[in-house]
Each structure stands twice: as C-alpha cells, then as structure tokens.
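These are the residues of each chain, in order.
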Amino acid sequence: MKSIVFKSISKLYAGKPAVLEFSLEIPRGQRLVILGPSGCGKTTVLRLLAGFITPDKGSIEIGGQVVVKDGKNLKEPEERQLGMVFQDLALWPHLTAKGNLEFGLKAQGVPASKRKQEIADVLRLMHIEKYANAKPSQLSGGQQQRVALARALILKPKALLMDEPLSSLDLELSLKLRKEILRLQKEIGFTLLYVTHNREEAFEIGSRVVVMSHGKIERIGPVDHIRQYFKQPPQF
Amino acid sequence: MAKKPVLISIVVVLAVIGLLPLLVMFLRSVTVEGHFSFAAYEGLLASKNKWILLKHSLTLSFLTTLFCAIIGVPLGILLAKTDMPFRGIFVVIFTIPLLIAPYIMAVSWFNLLGREGLLARFWGERTAAVTSEFLFGLPGCVLVLFSTYMPVVMLLTITFLKTINPRLEEAGKIVSGWPGVLKGITIPLIMPGILLSCLLVFLLTLGEFGVPMFLRYNVFPVETFTQFSAFYDFGAATAGAIPLALITALAILFERIFLRKKTYQVKLASEGNRTIVICLGRFRKWFAISVGILCFFMVILPLLLLVLQSMSFNAYARGVDLAGDSLIRSLSYAAIGASMLIAIGFFCGYLIHNRSLFLWRSMDSLTVFLFALPGTLIGIGLVLLWNRPATNFVYATPIIIIFGYIAQYTALTSRVTVSMLTQIPASMEEAAQIVGAGWLRRIGSIVCPLAKRGLVAGWLIAYIFCLRDMGISMLVYPPGHDTLPVRTFTLMANGPADLIAALCVIMVLATLLPLGILTVVFRSRGLTE
Chain A
1 MKSIVFKSIS KLYAGKPAVL EFSLEIPRGQ RLVILGPSGC GKTTVLRLLA GFITPDKGSI
61 EIGGQVVVKD GKNLKEPEER QLGMVFQDLA LWPHLTAKGN LEFGLKAQGV PASKRKQEIA
121 DVLRLMHIEK YANAKPSQLS GGQQQRVALA RALILKPKAL LMDEPLSSLD LELSLKLRKE
181 ILRLQKEIGF TLLYVTHNRE EAFEIGSRVV VMSHGKIERI GPVDHIRQYF KQPPQF
Chain B
1 MAKKPVLISI VVVLAVIGLL PLLVMFLRSV TVEGHFSFAA YEGLLASKNK WILLKHSLTL
61 SFLTTLFCAI IGVPLGILLA KTDMPFRGIF VVIFTIPLLI APYIMAVSWF NLLGREGLLA
121 RFWGERTAAV TSEFLFGLPG CVLVLFSTYM PVVMLLTITF LKTINPRLEE AGKIVSGWPG
181 VLKGITIPLI MPGILLSCLL VFLLTLGEFG VPMFLRYNVF PVETFTQFSA FYDFGAATAG
241 AIPLALITAL AILFERIFLR KKTYQVKLAS EGNRTIVICL GRFRKWFAIS VGILCFFMVI
301 LPLLLLVLQS MSFNAYARGV DLAGDSLIRS LSYAAIGASM LIAIGFFCGY LIHNRSLFLW
361 RSMDSLTVFL FALPGTLIGI GLVLLWNRPA TNFVYATPII IIFGYIAQYT ALTSRVTVSM
421 LTQIPASMEE AAQIVGAGWL RRIGSIVCPL AKRGLVAGWL IAYIFCLRDM GISMLVYPPG
481 HDTLPVRTFT LMANGPADLI AALCVIMVLA TLLPLGILTV VFRSRGLTE
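Sequence order for the protein chains is A and B.
Heads up: the first sequence begins at 1 in the working numbering, then just goes up one per residue.
Heads up: the second sequence begins at 1 in the working numbering, then just goes up one per residue.
Everything labelled a hint here was simulated from the structure, so no lab data went into it.
Please note: incorrect hints may appear among the correct ones.
[Stated by the list, open to error] The calculated lysine-lysine pairs, modelled on PhoX-like cross-linking and capped at a C-alpha distance of 20 Å, are: (1) B:Lys452 to A:Lys72; (2) A:Lys57 to A:Lys106; (3) A:Lys72 to A:Lys106; (4) A:Lys135 to A:Lys156; (5) A:Lys106 to A:Lys116; (6) B:Lys452 to A:Lys135; (7) B:Lys452 to A:Lys75; (8) A:Lys75 to A:Lys57; (9) A:Lys7 to A:Lys75; (10) A:Lys186 to A:Lys216; (11) B:Lys162 to B:Lys183; (12) B:Lys4 to A:Lys72; (13) A:Lys156 to A:Lys7; (14) A:Lys75 to B:Lys183; (15) A:Lys75 to A:Lys2.
Note that the structure is predicted; figures quoted are calculated from it, not measured.
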C-alpha cells in the first residue's frame, strides 16, 4: 500500500529548477530519508508535499488521494492530514506545551474531554508530562524537540515530515533523539519522510535513502546500498 | 477558504476609499461641462502665479529637508551610537513636535518671534518687527517645519543605525578611528535610510498647508484649498492638485527604484540589537550641553511660551466652552479611525508580506502614494466622490472623516504590520496550517498574538496621526462635526492669543496624555518595548 506518491514533480525558482522530474513512491510505514547538500532541493520536496508551495508540473498522492494534479494544489496543507517537525521547530511562543498540542485538536473540532485525554497520552508517550504548562522559552532544546514531535503526532497524521529537526542540536542530544524517533516510529508505525544533509543521521534514521543532487534523485535504495555507494571512490 | 475573500475585500475597500476619489478628481480636472477638455491645465500652465506657487512649494520643501538632514543625521548618530548622557530623554523631547499638529508649533514660534512675542517684550518693537518679518514668510515656514519634521530624520537615522551589522564597524575600527568609520562605513551603510527620511520630510512639507497658511506664505496646497473652499472653483482646485500628485508619484517612483532594495540590504546585514557605542570621553558633557541647548530652543522654549501664553483660567474655560465638543469628537474619531486602520492595515500588510494576491505590489504602492499625497488632495477627491444625494450617509456624517483617515494613513499600519510579520518565522503559520487550522483561526490564534506588539504600536501611531490630522478633516468635516485641530485653526484667524494658546495646549495634552497612559498600560502588560 503506497502512502505517498510523487509523479514527475518539477518546481522552478526564477527559471532555475529547484526540483526536476521528481518521482518517488513511499510505502506505508516506511522510514524514508532524503539526503543531500544545501540547495539540492530536499526541503522543497518536503514543502511541496506539505502544500506550502505549488509545483509547476506533476502530481502528488497521499494515502491514495490526489492532492496535487498537473501542477495545481487540490488540497490545502490543512486538509492533507500530515504532521511536520520544522527545522526551527516553530513552537508557538505564546502558548504552553499543552497549548501547542491542543491547538490542532481544537482546529479539528475534537471535543474538550477527548482533547484532554489525547494530550495526556502524547505527553506520556514523549516523557514530557511535567512540562505541560511550560512555555517553549522555558524548555531545553531536547524538551522543545519532544514537544514539536508530540504536536506533529497528536493528530495521527498519514505521514510525518521532518525537515532537519536535529541540525541545531549538539551531537549527544542528536544521537539520543534519533533513538527516540526510531522508538516512536516502531511503536506507532507512521510513515516518515526525513530530510537531512548528515549521512550518519540518514543511515541511522532511514530504512530507505534517497540521495538528491541539483533537484534530481541521484541514487535511491536501502541504507546498506547507499552506504556502499558513498564508499566507492569517485569515477573520473 | 476565507483568505481570498477577506483580502480581496480589503483591496476593494482601499480602492473605493483611496483610489476612486483620486480618479474622480482627475476626471473632473479634464472635463468641462461634461466634455473632455484640458482647459484647466492650459490655465494652469499659462498662469504665472501657479509657477510661482510651485517654486514656493519646492523651495520650502527643499530648504526644510536640507536643514532637517543637516541637524537630524548628526543628532541621530549622537543619540543612537554614543555614550552621551540623557539620550533617551532627548529623543522623547525632540519627538514631541512630530506628534502634534504642525500649526501648533507655528503658534508656539509666533509667541516667541511675533510682534507681541517674548522677544518683543525684551528687546522692543524694532526687534519684534525684524523677527516678525522673518517668521511670516519663507524663513519662518522653514523654521517651523524644520522643528516639526526634524524628528523624522533623527528617528529614522537612529532606526537604521540599529540595523547595521556591528561586525562591519568592528572591521573598520581595526584600521581607523571613529571619524573614519562613520564617514567610510556607517554613514554610507545607512545612506539609503537617510535619503528615505529626507524624501519623507520633502513630501510631508510639500503637502503641508496649515503652517504656510498661518504664516502667509502662499504654496500650492494653500492655493488648492482656497480655490476649493473659498471660490468653489473645482476645476482650478483639482487641476492645481495634479502637479502635487505628480511630484509625489515621482518621489515614490524614486524610492521604489533607488532606495527600497538598498534599505533592505542594510536590514539583512543586521545582527540582533547590538550596537557599538562610541565613547565621547571628555567631550561627553559638552555634546550633552550642546544638544540640550538645541533641544531647549527648538522644542522646550516654544512650547513653554505656548503654555505661558495660555496661563489664565478664563482662556481654558472659554476653550473648553468653545471647543469641548470638538475635543470629544477628535478623540472619538481618532480612536475609531485608529481601530479601523489597524484592522485594514493588518490585512493589507499581510497581503503585501505574504504576496497573497497578484496585486500585492500595487497595494503597497497605492497606500504609500496615498500617505505621501497632501491631505487636501485626498479631501478634495473624497468630497467630489461622495457629495451626491445617494451617498449623503457618507458625505454628511463623520464617516467621511474616517474614510479620509483610512485613505491617507493605511500605509502606516500596513508598514508596521509588514515589519512585524517579517520578524515572525513563516513556519509559525505553516505549523498551524499543517495541523488543520483554517486561515482565520491561524490569524486569530497564532499570527495576531505573535504580532501584538506591532499591532499596539500601529494603533498608537495611527491614533496620533488621526488626532493631529487637519489636511483632510478641514476639507471634509460635515457641519457640526469639526475636530479640535479644525476648530482651533478656524479660531486662529481672529481669536484672542490666550484662547488660541489654551486650545493648542489642550490639543497637545489630548495627544500626549492618552499616548502616555496607553504606553504605561501596555508596558505594564508587557505589550510594548
């Protein structure tokens, strides 16, 4: 069962291709990592899937539903049932951790009693129960990451998108959170689309890795295959 | 999807309230008795008097801008970058004239330099004749408008200095002293900002009619106002207004082409709020004394004389009796106008910042153009558009004054919104969008709370501009709905000096007191910095 399908997606900025003829199928429950240097188009792919930008060409399906067709957005981001952890986390500073989680539930019209229960469950799952009433500025980097993850997961999204979420953390915390993400994915079984420029991170998080360069897929395969690909000496 | 309908409604509102009156005015200037004709323009071009007026307007604007730049830029540097004492107090005092209607400064200077002014009491009638001759005419207008608009240059210089990346100056300091760094690095970096402030002063002076009218220096806005309100010569008034609109359009074009990108480059180079301070050493107190003297003569003395002139219970009693209702109207209209402006300006700023509609650039240009236009022009346009039996519900009610405020001052609130939104990462709204929140919910629950400081500041700025407005109110106020600036200005023609001074003091207090109270309240709630 395919969770996400990209078909010949292209996106140009000022005439220059950011993503070119990008086609990819992601099965449900897979952990797919897009790996590549800055400016290769990996974040653009994520933003196209989320619906923040519209492609010039191509189509996208999420859970069997066409959300982009012939370069036109058929569904707004709020209608795509995706979860996302942003590079800067984008935690709303004026709301508490609980408020950050509750916002999406309210927007979806979840009744108050159910909201309370779901928030409690997610806080427990992420081990951040005692920070429920703290504002983002009162939390450490790691705690903020957990709140951002909890916010993305609380609505049980069709897929979780993560845009270099660990790039600003020190190595120790980054390693700890990689394990946490894997634990959560194993427990819940969500489809994960993870963007990074860090090879080690990509190999640890992903079950399949896409290497991107100049807006195109350069290589795609299981982790071992890609690891091997990087070990090969460059061909002249 | 509420986003598009709401933003399109805002575009329509601004087009009807701001653009349509100008189009009607232009059409009126090219028609005579229902037929297309350039007669009004031919008359305008052939009239020697009109060319003299244009020369007067441009000379006044140029000289005012020149003096504002000569004093405002160094003052801004001293107040923003040095360790001179009392900098904060000086900034507040120098800014006061900008917050009040310009003609109040004219009355204040009149109390100092006029035939019965303070100087006359000390040095006799012969001196007074000389100073009075100086005041009534070009030099007096330049002096008054310089003291009113100098804070624009000073404040923008301070603002732009804060956007400079301190590392650029540190790199200069390695190889040069402060004079060299200021001359070679700091000032060139903020030059687009300085030019922008000069352009703003030039346009504000060009559109000013209260001060030249009071000091009897005939300029284009005065002539336009006179033709329109005294002679009811709509054709001459509208044709006379077009050159001012053209000059304004050229100035906006200049800003768009030469300044906008450069000012953004300076902003992009910023690094937090860190500013490198220049230590003045032993000159510290001498600079403070010099700035203090300037502050005393430019602001404190004229305003003090205004207060002294008004010092009689009778004057205030008569003032309240004659203009109490106007004061209440002014405060209410300003509060309503500011609230409308912040609502419209917010959505307009959102549209411009997010480029939500294809005509975002046109909206930006339109609001800035309307802000730069003389208020009298907008007033004439509004009268021409709404003065019909079917639209009497607008023309004959205070709605037309509020329309005038919206037409002229939306740029203020939309610009404040844009600068506030620039500081909010796009991911904040995107994060709300991805969890399923619709546009209005995102605006209400995420964007507005994050932008509340800007919204409060925008409301206060709009309130001040509405309260001090005279150009529009003077032309459009319906009978029985005059505002305090209008009532005071009309009484100035033959009212006793103490009464006029008392009304001016009431006007100053009406501006500064609510501003002070609101600032204290908002600060206590942590809403403003």
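Status of each hint after checking the structure:
A C-alpha spacing of about 35 Å is found between lysine 452 of chain B and lysine 72 of chain A, which places the hinted pair above 20 Å, so the restraint is violated. With a CA separation close to 34 Å, the supplied pair lysine 57 of chain A and lysine 106 of chain A exceeds the 20 Å bound. Distance check on the hinted pair: lysine 72 of chain A and lysine 106 of chain A sit about 29 Å apart at the alpha-carbon level, beyond 20 Å; violated. Our distance criterion of 20 Å between C-alpha atoms is broken by lysine 135 of chain A and lysine 156 of chain A, whose separation comes to about 23 Å.
Taken as a hint, the lysine 106 of chain A and lysine 116 of chain A pair is honoured in the structure, with Cα atoms around 11 Å apart against an allowance of 20 Å. For the hint pairing lysine 452 of chain B with lysine 135 of chain A, the CA-to-CA distance comes to about 17 Å; that is within 20 Å, so the pair holds. With a C-alpha separation of about 31 Å, the suggested pairing of lysine 452 of chain B with lysine 75 of chain A is violated against the 20 Å cut-off. The hinted pair formed by lysine 75 of chain A and lysine 57 of chain A meets the criterion: a straight-line CA distance of about 16 Å does not exceed 20 Å.
Of the pairs offered as hints, the one joining lysine 7 of chain A and lysine 75 of chain A holds, with about 16 Å between alpha carbons and a cut-off of 20 Å not exceeded. With a C-alpha separation of about 30 Å, the suggested pairing of lysine 186 of chain A with lysine 216 of chain A is violated against the 20 Å cut-off. This hinted pair checks out: lysine 162 of chain B and lysine 183 of chain B have alpha carbons roughly 17 Å apart, not beyond 20 Å. Between lysine 4 of chain B and lysine 72 of chain A the CA atoms are separated by roughly 17 Å; this keeps the pair inside 20 Å, and the hint holds.
As the CA atoms of lysine 156 of chain A and lysine 7 of chain A are separated by approximately 25 Å, the hinted pair breaks the 20 Å bound. In summary, the hint linking lysine 75 of chain A to lysine 183 of chain B is not supported, as the alpha carbons are separated by about 55 Å, beyond the 20 Å threshold. Of the supplied pair hints, the one linking lysine 75 of chain A and lysine 2 of chain A holds, its CA atoms being roughly 18 Å apart against a limit of 20 Å.
When each numbered hint is compared with the structure, violations occur for hints 1, 2, 3, 4, 7, 10, 13, 14.
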